[in-house]
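Asker: The primary structure of each chain is shown beneath.
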Amino acid sequence: MLKKGINASPGIAIARAIVYVKQELTVVQQSIDDVQAELDRFNAAVAKSKDQLNTLKEKTASEMSEEEAAIFDAHSMFLEDPEFVGAITQAVENNKINAEAATKAVVDQFYAMFDAMDDPYFKGRAADIQDVGDRLMRNLMGIEIMDISHLDEDAVIVAEDLAPSDTATMDKVHVKGFATDIGSRTSHTAIMARSLEIPAILGLQDITKTAKTGEIIIVDGSTGEAIVDPTDEELAEYKEKQKAFEAYMAELAELKDQDAETTDGHKVKVVANIGSPKDVEGVVRNGGKGVGLYRSEFLYMNSDEMPTEDKQFAAYKTVIEQFKDGEGVIIRTLDIGGDKKLPYLPLEEEMNPFLGLRAIRLCLSKPDMFKTQLRAILRASAFGKTRVMFPMIGNVGEVRQAKAILKECMQELDAEGVDYDHDLEIGIMVEIPSAAITADIIADEVDFFSIGTNDLCQYTLAVDRMNQNVSYLYDPLHPAILRLVKNVITQSHNKPGKFTGMCGEMAGDPVAALILLGLGLDEFSMSASSIPQVKKIIRSVSFEQAKAVADKAMTMQTGAEIRQYVQDTLKELGIQTM
Amino acid sequence: MKRKQVTVTNKAGLHARAASIFVSEAGQFESDIDVIYGDTRLNAKSIMGLMSGGIGQGTTITIEANGDDEDEAVDTLVELVESGFEEEE
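Read top to bottom, the protein sequences are chains A and B.
197 is the number of the first residue of the first sequence in my numbering; add one for each residue after it.
33 is the number of the first residue of the second sequence in my numbering; add one for each residue after it.
Keep in mind that the hints were calculated from the coordinates and are not lab data.
For each residue, glycine too, the CB sits at the ideal point set by N, CA and C.
Treat the hints loosely; a few may be bogus.
Unchecked claim - Distance condition first, Cα-Cα at most 25 angstroms in a straight line; then the derived SDA-like pairs of lysine to any residue:
| # | chain 1 | residue 1 | chain 2 | residue 2 |
| --- | --- | --- | --- | --- |
| 1 | A | K507 | B | N42 |
| 2 | A | K246 | B | S84 |
| 3 | B | K36 | A | P278 |
| 4 | A | K255 | B | R49 |
| 5 | B | K43 | A | A323 |
| 6 | B | K43 | A | M497 |
| 7 | B | K43 | A | A270 |
| 8 | A | K694 | A | E523 |
| 9 | A | K246 | B | E57 |
| 10 | A | K507 | B | G116 |
| 11 | B | K43 | A | I267 |
| 12 | A | K513 | A | E493 |
| 13 | A | K562 | A | T504 |
| 14 | B | K36 | B | G90 |
| 15 | A | K474 | A | E393 |
| 16 | A | K255 | B | S52 |
| 17 | B | K34 | A | E279 |
What the hints assert, rightly or not - Ranges between beta-carbon positions, derived for each pair:
| # | chain 1 | residue 1 | chain 2 | residue 2 | range |
| --- | --- | --- | --- | --- | --- |
| 18 | B | Q89 | A | D247 | 32 to 42 angstroms |
| 19 | A | S472 | B | G70 | 34 to 44 angstroms |
| 20 | A | A312 | B | R49 | 21 to 31 angstroms |
| 21 | A | H370 | B | G70 | 49 to 59 angstroms |
| 22 | A | I622 | B | Y69 | 45 to 55 angstroms |
| 23 | A | P563 | B | R49 | 24 to 34 angstroms |
| 24 | B | Q89 | A | Y540 | 15 to 25 angstroms |
| 25 | B | T108 | A | K292 | 32 to 42 angstroms |
Full structure from sequences and hints, please.
Answerer: Okay, here's the thing in structure tokens:
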């Protein structure tokens, strides 16, 4: 059966489906007569949970590390805990209620106790208690726990959507593709698929109902077509396509060490977006010579407490040293708020989080937290070319404020005799239309701009890209966006020595890349897997040709018209895209 | 019954790793063992009980054991706390 969705990450996967559903746990309290039978049932569930945790621990220890396996030990300890187990047993005995209800009551009580603690470490343990409690309740109810962290054979994960915690624990060797009900090209699942370089189709609407675990599914992430339970002919056809795709990728791989240079010698930088030092390997493998966006927030999100200056310094330094002979690294300061939260940093609920206290606004309101990060970045800058970039700037005053705090940090380090790059370049993310429109004013305060198209589109077009009902309006090629982009590039070039990059998803889109090249964009930063493709396009045209394409595109009236025109042009130029 | 006072010196207090080492060690003994500080009495064999105490660096605690191996239990646990749980930092 053929289904069509959003092609979010290219390539072809052919494997058995695993339908990954997180069944809601509904616990109903019931009275019981036979207390002993209920306790036996409870003890059996505890034993089963311990077995599962043991298996998970052993596999994790042998495949990953002892360190990553330790969490399962901690979970096992809860199950051996006399206070925890005792409280559940007592609730069953005294209240004559079913073990599920007793477990839920005790888990909720411990959860609330830990969650209320100020110490971030203990607060974080609340989630572990919830996790163990869920496991116990599922085992009591006989609900299979879906675990995709260790698979025996290759699989395509079919899910409603995937959360960062799902993709983090997933078996990265055996997962060959994603097919989901909801999501868009810029949702977490899409970004994850591209960084793992596995095909993905999102927004299939009811794929979790159409596909069954164990059925063969074909995921063509290039066209957005998924085939559940394919015929022999379809299988043969897609195996051929898979081969062709791999051959194409091999061809791109040959571009690895070549410059991103047009046929008439105009050079640009093609660099990568990363979230952690772990991503560096993929960047290097794809021929990326630097990092145009280091999303520092992942350092904060993957931690139980505010990461210390030393911890941040170590992470930044690792990445910076990798690219010290290349184009260097642009570190974006903490971008939290909106859809990204930190468990240990309580923020007020806001009516409009995307228009609220996020990113630089949040950092400026917590100067101590901000300074810790800036000091770490400065210290790391002694080890290779580093640039710092402030997200969500809306006016020049914010840039001045951020620079003043940066200067304080520099003076502190001077006093302490700590080395750093005294000429550290400073830039901003252009995500808010006001910044794009007043780029001429802001350019006086910065060394570079980096256009974040995901948010810029969202704010300019007033479209929530995650909202299925309006996501069709989300269009990076909308003439409004192209005009803003052009203005930012032009204004930066009006000041000597300044440049404009782009770190939004748009920079990695082959169609957009040709226009951006023609508009004079200096740096293209994207998921590592998009680098070869964009490099190929840049190497296939002359700067004059790209300029002509951009000029023509700027005269057009709709994004659809522009896309069609550029696609036709790419075809005429004989540039194959996947 | 046997009891002894000891001050928690390791940096992280009776958190995570230290708490789990403490609880596993306490579990080796037959005696009932409690950790007492201020008005709070915690079960030394319960990781959740112990962690719910939030015992930080510098807290003085009393370890109390009741049972056949109470002497050995108290001595072993006091020694463990005094050693700072062999923390690296």
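Asker: Return the numbers of the hints above that this structure violates; sort them in rising order.
Answerer: none
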